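Protein chains: 2
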Amino acid sequence: MENSKIGQHISAQFNKEIEDIRNKVLTMGGLVEQQLELAMQSFSTGDIEMAELVIKQDNQVDALEVEIDRECTQILALRQPAAFDLRLLLTVIKVINELEIVGDLAERIAKLAIQSADSDGRIDQYYEIQHMANLVKDMLHRALDAFARMSIEDVPAITGLDDNVDREYSSIIRQLITHMMEDPRNITRTLNVLWTVRAMERIGDHACYICEHLIYMVKGEAVRHLSREEMAKKVKGG
Amino acid sequence: MENSKIGQHISAQFNKEIEDIRNKVLTMGGLVEQQLELAMQSFSTGDIEMAELVIKQDNQVDALEVEIDRECTQILALRQPAAFDLRLLLTVIKVINELEIVGDLAERIAKLAIQSADSDGRIDQYYEIQHMANLVKDMLHRALDAFARMSIEDVPAITGLDDNVDREYSSIIRQLITHMMEDPRNITRTLNVLWTVRAMERIGDHACYICEHLIYMVKGEAVRHLSREEMAKKVKGG
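Chains as they are written, first to last, in the UniProt record's numbering: chain A, 1 to 238; chain B, 1 to 238.
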């Protein structure tokens, strides 16, 4: 576990600052996970109050991003860290950006849920969409867990899930198109579902980006544009 | 013009490094602008070769992002800059991330153009879409120009354009929905147009994000989640 690296800093105060930032990132991650959970629930149930809570929570998420970003910059300016510590801080800045985007996407899903709440009738793809949502939530949770443990061993499994997400996404989109063709009166309502599914697919991508940032932090190498196989090799190799 | 700040560094070598990074960001920006231009042309004309060029160019854009990011990190580690220089480097890391995303969105438009190339018939909203594309291209160009001059005076005008983009986006989406309802055989083809318009709308957002990063660089304050009016005040005020 690379976690031990945190204990190796010369200054106890610096340790404390890093630990504080890590905890704030995990708080932010927990908030975003909750946003996603509530957004998907409001999508399924049409619960407008719940959707409004997601939108409200986004202010907290945004405020945390600004706060953590500022703290990272201050540490960079005052402590001038190098090597792993520098990469850790740069990674935090990138990870919180991904989390902020996931929060925005959850907010988008909540807004679509509000728009759809007054439309009658349900769509047929709920089971598939719920399954896809569970996959995406799992990816995000495990990516945050990997960040918490500062370990990348789970990364290939997490990014591998994105292939399943993409497959389910394509299948759902095809079904939604058929649904629209069969009855054009469904189009506006079905488009809201389509935007929701698209937002979920993008959340899966951002969970992968978090993993890529973690590999950079641990290994010191950018893997953003490598193939899945090349990335897995990096994780295992030296 | 804040450009003079670049001349104030104690080390001539450091100056050179910063200037080199700035030039690379502008090269990357030029490539992304070209991608967007060609992607929109391939969307209008159905020119598959042009669309394939956009997809190919994305590798160059990705490689430049990795290279510039690495150089910024090296300078942070070796020079341990503070104040404006630190903000400049952190801003570059964020700006190239926005550019990389814009490149991905241009690639997405090119892929949609290839998918649509063999469908017969044209859609009626080309004029509006071209107009929206021109707005978005203008926003991106002016954001890069503001970065090149390290000046934020044009920022309120640039971000103001995004309101026009959002208005045109909503209007086009409404027209496309009507189009699908009138003839369900149009749905698959029209959805490709809808995804294209959505990608353009997001490019406008990322041009705004570049502007927000510039304000942070020049003023040292995060403005990401402020309203347009509050942001304009920050640009003018001290």
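Keep in mind that the hints are not guaranteed to be accurate.
Below, computed lysine to any residue pairings styled on SDA-like, alpha-carbon distance capped at 20 Å [to be verified]: (1) A:Lys111 <-> A:Leu53; (2) A:Lys219 <-> B:Lys137; (3) A:Lys24 <-> B:Glu71; (4) B:Lys56 <-> A:His225; (5) A:Lys94 <-> B:Lys137; (6) A:Lys56 <-> A:Gln115; (7) B:Lys24 <-> A:His225; (8) A:Lys234 <-> A:Gly220; (9) A:Lys219 <-> B:Pro184; (10) A:Lys236 <-> A:Gly220; (11) B:Lys219 <-> A:Lys236; (12) A:Lys111 <-> B:Met150; (13) A:Lys111 <-> A:Asp58; (14) A:Lys94 <-> A:Leu26; (15) B:Lys233 <-> B:Ser170; (16) B:Lys24 <-> B:Gln41; (17) B:Lys94 <-> A:Ser227; (18) A:Lys111 <-> B:Lys111; (19) B:Lys16 <-> B:Ala148; (20) B:Lys219 <-> A:Gln74; (21) B:Lys111 <-> A:Arg87; (22) B:Lys236 <-> B:Leu226; (23) B:Lys137 <-> B:Thr27; (24) B:Lys56 <-> A:Lys111; (25) B:Lys24 <-> B:Met50; (26) B:Lys111 <-> A:Leu26; (27) A:Lys24 <-> A:Gln115; (28) A:Lys111 <-> B:Ser170; (29) B:Lys94 <-> A:Asn97; (30) A:Lys94 <-> B:Ala117; (31) A:Lys16 <-> A:Gln115; (32) B:Lys94 <-> B:Arg167; (33) A:Lys111 <-> B:Arg167; (34) B:Lys137 <-> B:Ile177.
In case anyone wonders, no lab produced these hints; they're calculated from the structure. The structure displayed is predicted, hence computed values, not measured ones.
These are the hints, each one checked on the structure:
{"no.": "1", "hint": "A:Lys111 <-> A:Leu53", "in the structure": "11 Å, holds"}
{"no.": "2", "hint": "A:Lys219 <-> B:Lys137", "in the structure": "37 Å, violated"}
{"no.": "3", "hint": "A:Lys24 <-> B:Glu71", "in the structure": "28 Å, violated"}
{"no.": "4", "hint": "B:Lys56 <-> A:His225", "in the structure": "13 Å, holds"}
{"no.": "5", "hint": "A:Lys94 <-> B:Lys137", "in the structure": "26 Å, violated"}
{"no.": "6", "hint": "A:Lys56 <-> A:Gln115", "in the structure": "17 Å, holds"}
{"no.": "7", "hint": "B:Lys24 <-> A:His225", "in the structure": "19 Å, holds"}
{"no.": "8", "hint": "A:Lys234 <-> A:Gly220", "in the structure": "11 Å, holds"}
{"no.": "9", "hint": "A:Lys219 <-> B:Pro184", "in the structure": "51 Å, violated"}
{"no.": "10", "hint": "A:Lys236 <-> A:Gly220", "in the structure": "14 Å, holds"}
{"no.": "11", "hint": "B:Lys219 <-> A:Lys236", "in the structure": "43 Å, violated"}
{"no.": "12", "hint": "A:Lys111 <-> B:Met150", "in the structure": "36 Å, violated"}
{"no.": "13", "hint": "A:Lys111 <-> A:Asp58", "in the structure": "12 Å, holds"}
{"no.": "14", "hint": "A:Lys94 <-> A:Leu26", "in the structure": "14 Å, holds"}
{"no.": "15", "hint": "B:Lys233 <-> B:Ser170", "in the structure": "28 Å, violated"}
{"no.": "16", "hint": "B:Lys24 <-> B:Gln41", "in the structure": "26 Å, violated"}
{"no.": "17", "hint": "B:Lys94 <-> A:Ser227", "in the structure": "23 Å, violated"}
{"no.": "18", "hint": "A:Lys111 <-> B:Lys111", "in the structure": "28 Å, violated"}
{"no.": "19", "hint": "B:Lys16 <-> B:Ala148", "in the structure": "15 Å, holds"}
{"no.": "20", "hint": "B:Lys219 <-> A:Gln74", "in the structure": "15 Å, holds"}
{"no.": "21", "hint": "B:Lys111 <-> A:Arg87", "in the structure": "35 Å, violated"}
{"no.": "22", "hint": "B:Lys236 <-> B:Leu226", "in the structure": "15 Å, holds"}
{"no.": "23", "hint": "B:Lys137 <-> B:Thr27", "in the structure": "16 Å, holds"}
{"no.": "24", "hint": "B:Lys56 <-> A:Lys111", "in the structure": "36 Å, violated"}
{"no.": "25", "hint": "B:Lys24 <-> B:Met50", "in the structure": "24 Å, violated"}
{"no.": "26", "hint": "B:Lys111 <-> A:Leu26", "in the structure": "37 Å, violated"}
{"no.": "27", "hint": "A:Lys24 <-> A:Gln115", "in the structure": "33 Å, violated"}
{"no.": "28", "hint": "A:Lys111 <-> B:Ser170", "in the structure": "15 Å, holds"}
{"no.": "29", "hint": "B:Lys94 <-> A:Asn97", "in the structure": "9 Å, holds"}
{"no.": "30", "hint": "A:Lys94 <-> B:Ala117", "in the structure": "37 Å, violated"}
{"no.": "31", "hint": "A:Lys16 <-> A:Gln115", "in the structure": "45 Å, violated"}
{"no.": "32", "hint": "B:Lys94 <-> B:Arg167", "in the structure": "27 Å, violated"}
{"no.": "33", "hint": "A:Lys111 <-> B:Arg167", "in the structure": "18 Å, holds"}
{"no.": "34", "hint": "B:Lys137 <-> B:Ile177", "in the structure": "25 Å, violated"}
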